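Going line by line, the protein sequences match chains A and B. Numbering-wise (the numbering used here), the first sequence opens with residue 2 and increments by one. Numbering-wise (the numbering used here), the second sequence opens with residue 57 and increments by one.
Please keep in mind that the hints were generated in silico from the structure rather than gathered at the bench. A hint or two may mislead.
Stated by the list, open to error - Each pair of labels, with its calculated beta carbon distance range:
no. : chain 1 : residue 1 : chain 2 : residue 2 : range
1   : A       : 158       : B       : 176       : 33 to 43 angstroms
2   : A       : 73        : B       : 165       : 46 to 56 angstroms
3   : B       : 159       : A       : 369       : 24 to 34 angstroms
4   : A       : 73        : B       : 138       : 45 to 55 angstroms
5   : B       : 138       : A       : 158       : 51 to 61 angstroms
6   : A       : 35        : B       : 138       : 23 to 33 angstroms
Said to hold, decoys possible - Below, simulated SDA-like cross-link-like pairs (lysine to any residue); rule was C-alpha separation at most 25 angstroms, straight line:
no. : chain 1 : residue 1 : chain 2 : residue 2
7   : B       : 143       : B       : 131
8   : B       : 144       : A       : 144
9   : A       : 225       : A       : 154
10  : B       : 143       : A       : 154
11  : A       : 225       : A       : 213
12  : B       : 144       : A       : 133
13  : A       : 294       : B       : 60
14  : A       : 225       : B       : 131
15  : B       : 144       : A       : 143
16  : A       : 191       : B       : 57
17  : A       : 294       : B       : 109
18  : B       : 143       : A       : 158
19  : A       : 294       : B       : 101
20  : A       : 191       : B       : 58
21  : B       : 143       : A       : 225
22  : B       : 143       : A       : 366
23  : B       : 143       : A       : 141
24  : B       : 143       : A       : 140
25  : B       : 144       : A       : 371
26  : B       : 144       : A       : 134
Claimed, not checked - Which chain B residues stay away from chain A? Per the calculated CB distances, all over 12 angstroms, these:
no. : residue
27  : 92
28  : 141
29  : 158
30  : 187
31  : 191
Predicted model only: the values in this text are computed from it and were never measured. Each residue gets a CB set at the ideal place from its N, CA and C atoms; glycine is no exception.
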Amino acid sequence: MLLGNTNSDFPLNWAVLFPVITGFLAVWYLLPTPRPRSLVHGTLGVLAAIAGLGTFLFAGLGGDWPFNPEVILFYAFSLMAFTFGILMIVQRNPARSALFFSVVVLSVCGLFLLLAAPFLMAATIIIYAGAIIVTFLFVIMLSHQGGFSDANDRSREPSLAAAVGFLLLGTMLVVLQRVYWTREADDLIKQCDHLANATALDDSLREQGRARLFVADVRRVREKLGHGKLDIPTHVDGKQRREIDSDPVGDLEEALNLNPPTWPSTSGQEMPISLEEVKSAARQIHFELTYLKAVREGRISPAAEVVELSPYGQSKTVAASADPAKAEIKRLPNANIAALGRVLFTDHLIAIELGGTLLLVATIGAIAIAGSRPEKTV
Amino acid sequence: MIPVSYYLAVGAGLFALGLIGFLARRNLIVMFLCAEMMLQGVGLNFVAFSRHHGNLHGQVFTLFIITVAACEAGLALAFILLLYRRKKTLDVSAWQDLREQGLEPTVDDEPFPDIAPEEPSPTLPVAGREPERKGEHTHA
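Extracted from the complex, chain A is given alone in its bound form (with noise of 0.2 angstroms):
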């Protein structure tokens, strides 16, 4: 598959490159030059931009995707903000780039509020609004009418600005498509569930040659997960295994007569393949996998404890659930303003009267500059 193959060593791949090079172009053609430049072409660019962010959103990072209101708002808030954001730095009225600008806060906090924090949705809508109110009232009190001008229609530098900009853009996507790409690990938790709970042993595993391949696809996606970094309960239900802590993969390797033998058969015949080992074995991988899965997911601490928010922001030590399967999602409590607040003024008090000195300072510093003039200038 060419769209988000991450199994090359190449680390770039199409799911990056589209958004990095259309948004490139678009923004690079657009940004304001002497030359005029065509309607046509540019909104062609930008429209390609949009697809390319939408690409990297839908392919790049290996999720799959149910048709909920909670999916198309994201879809719908994300590629709003990247729009009227291209939109915004190509805009050579200034006003007209305070207004996109605005569009772009909105969406911001369309996504606070998908990622519950309602209060601050409200906070920047309040504070961002009135900054761009005043911001507005300087662009008409200093901007002139008509013409051209050095300020509005020319660039510093585009394409180097552009392409630093996109390269930065890239490497960031790239990262996350390293770190976040999980569907090989989903596809081997699931072989690894098939081949637990199997009756009878599949021909392909009697195979060599990809009995092989599949040890070696579970031991490079345990390592790429984090593997030997972290403690890994050992899952032991029904059967004791023999070695608590040996490697299930090495058993794996094992029950499938992979090892080379160490001393010469002199039958010639291969040991016949356990199935009672495999399974053991596979019910160990399949829990490992999990396991750090939903580590890396943050639906499970790897500490032993916890420490949890109660309802009204109070900090309390719970015991982790070291099972993946009962792990669920860390909530967020239900009453975000009056939990924000009690966090605020409890674990964050020396940083919020630091904060209002902050503004305070601000606002007599702001006066300080602007405030004293000549008489009879703007």
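Position chain B against the provided structure of chain A, taking the given hints into account.
Using the frame of chain A, we list chain B on its own:
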């Protein structure tokens, strides 16, 4: 629930766009807006991680980002006003005397196209005086 990585991608996009605008645009007010957009991208990351970890510290951090952004807005606009008073322009290249020693100055050699400026908007005549009429007969 949408995983945190998707929100991080959107935040990265907003940050990169703000960076490009800040580097390329020359209007001081637009540069200020672009810096605000970078802060929006960072704030989105913090709120996404707040949801991801199930605690409120990320949201508190975003609240402080908003506070600092408000301070920054006040000071930046005061500075813009001050700079405008000195040079009568919002162009940031008017201040390129402050560049590093040994760097060539930026010269805008590409001329603007010859397009006639738009007609000024019509204004009302001064009240109480009869407007001049050319080639019209009056009743008087």
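Least C-beta distance from residue 191 of chain B to chain A larger than 12 angstroms = Nearest chain A Cβ is 30 angstroms from residue 191 of chain B, so the label holds.
Is residue 191 of chain A within 25 angstroms of residue 57 of chain B, Cα to Cα?
-> 21 angstroms, holds
Starting from the hint 24 to 34 angstroms, judge whether the C-beta atoms of residue 159 of chain B and residue 369 of chain A obey it.
-> 32 angstroms, holds
Are the Cα atoms of residue 144 of chain B and residue 144 of chain A separated by 25 angstroms or less?
-> 10 angstroms, holds
Status of the given 46 to 56 angstroms range, CB of residue 165 of chain B versus CB of residue 73 of chain A | 49 angstroms, holds
If you draw a straight line from the CA of residue 294 of chain A to the CA of residue 60 of chain B, is it 25 angstroms or shorter?
-> 14 angstroms, holds
Using the Cβ atoms, figure out if residue 138 of chain B sits within 51 to 61 angstroms of residue 158 of chain A.
-> 26 angstroms, violated
Residue 143 of chain B and residue 131 of chain B: Cα distance at most 25 angstroms?
-> Roughly 19 angstroms separates the two Cα atoms, so the pair holds.
Restraint status (C-alpha distance of residue 144 of chain B to residue 371 of chain A at most 25 angstroms) = Given pair residue 144 of chain B, residue 371 of chain A holds - Cα atoms ~15 angstroms apart, limit 25 angstroms.
If you draw a straight line from the CA of residue 225 of chain A to the CA of residue 131 of chain B, is it 25 angstroms or shorter?
-> Given that 25 angstroms is the threshold and the Cα spacing comes to 47 angstroms, the pair is violated.
When you check the alpha-carbon spacing of residue 144 of chain B and residue 134 of chain A, does it fall within 25 angstroms?
-> Roughly 22 angstroms between the alpha carbons, so the hint for residue 144 of chain B and residue 134 of chain A holds.
Could you say whether the range 33 to 43 angstroms given as a hint is met by the Cβ separation of residue 158 of chain A and residue 176 of chain B?
-> Once the Cβ atoms are compared, 34 angstroms apart, the range 33 to 43 angstroms for residue 176 of chain B and residue 158 of chain A holds.
Violated hints for the displayed structure, listed by number in ascending order: 5, 9, 14, 21, 27 and 28.
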